[in-house]
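J.: The numbering of the sequence shown is my numbering, which starts it at 402 and goes up by one.
Be careful, since some hints might not be right.
Unchecked claim - Estimated spans, in silico, between C-beta atoms of each pair:
(1) A441 <-> G421: 31 to 39 Å
(2) T538 <-> E424: 32 to 40 Å
(3) W510 <-> G420: 30 to 38 Å
(4) E539 <-> A433: 29 to 37 Å
(5) R443 <-> D423: 32 to 40 Å
(6) P491 <-> R542: 22 to 30 Å
(7) G449 <-> G428: 33 to 41 Å
(8) R514 <-> R535: 38 to 46 Å
Note that these hints are calculated values from the structure, not bench results.
The structure presented is a predicted model; accordingly, all values stated were derived computationally and were not measured.
Glycine is no exception: its CB is placed at the ideal position from the N, C-alpha and C atoms.
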Amino acid sequence: MALAAPERETLISACRLFGGVDETGLGAISDAAVEVSFPAERVIAREGEIGSGLFIIAEGSVRVVRDGRPIAHLGKGEFFGELSVIDGAPRNASVIAEVPTTCLALATWDAERVLREQPGVALAVLRVLAGRLRKATEDHRT
402 MALAAPERET
412 LISACRLFGG
422 VDETGLGAIS
432 DAAVEVSFPA
442 ERVIAREGEI
452 GSGLFIIAEG
462 SVRVVRDGRP
472 IAHLGKGEFF
482 GELSVIDGAP
492 RNASVIAEVP
502 TTCLALATWD
512 AERVLREQPG
522 VALAVLRVLA
532 GRLRKATEDH
542 RT
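The task is simple: from the sequences and hints, build the whole structure.
T.: Right, dumping it as C-alpha cells:
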C-alpha cells in the first residue's frame, strides 16, 4: 500500500499529534516518514526498550499492552511511540499489530530534525503532550 504524497499529508494532518500544523510542516513530516508494514501479531514497539521512532497508523490496528495487560486499541490515523522519541527513555508499553498493519514511521533522528526546523510541528506536539499530562494529573486527583 504505497501512499502518494497527498495521501501521506492527509493522514498526517488528520493525526491528533500534528493538529494545526501548516503545509510546510506537514510536508517536512511526510518527506521524513517511511511506510512500514507489519504482519498480524508482530511486535512493533517493545515495552522497556529504547524507541527508535514514532508511528502513525495508515491501515490496520494495534493493541497497546503494559505489564502484559491490554490498555488500548489504536486504528487508522492514531499514533504511538512519541514519548520515547521526545525523551529517549524506554518504551512504557508494547504495541502489537492486531491485523496486517501499515504505518508511517518517523525515525527519532528525523523527528528531532523536523522539530528543530519546524517550530509549528514542535508546538503541536507540545500541546498534545501537555494535554496528556494535564489529563493524567486530573485523573490522579479523582
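J.: Does the beta carbon distance between W510 and G420 stay inside 30 to 38 Å, or does it fall outside?
T.: 24 Å, violated
J.: That 38 to 46 Å hint for R514 and R535 (C-beta), does it hold up?
T.: 28 Å, violated
J.: Given the hint of 32 to 40 Å, is the C-beta distance from T538 to E424 inside that range or not?
T.: Since T538 and E424 have Cβ atoms about 34 Å apart, the given range 32 to 40 Å holds.
J.: Can you tell me whether the CB distance of R443 to D423 sits inside 32 to 40 Å?
T.: The hint (32 to 40 Å, Cβ to Cβ) holds, given that R443 and D423 are roughly 34 Å apart.
J.: Taking 31 to 39 Å as the stated bounds, is the beta-carbon spacing between A441 and G421 within them?
T.: Once the Cβ atoms are compared, 34 Å apart, the range 31 to 39 Å for G421 and A441 holds.
J.: 22 to 30 Å was suggested as the range; check whether the CB atoms of P491 and R542 agree with it.
T.: 27 Å, holds
J.: Quick check: does the Cβ-Cβ distance between G449 and G428 fall within 33 to 41 Å?
T.: 35 Å, holds
J.: Using the beta carbons of E539 and A433, state whether their distance is inside 29 to 37 Å or not.
T.: 34 Å, holds
This entry does not satisfy hints 3 and 8, going by the numbered hints stated previously.
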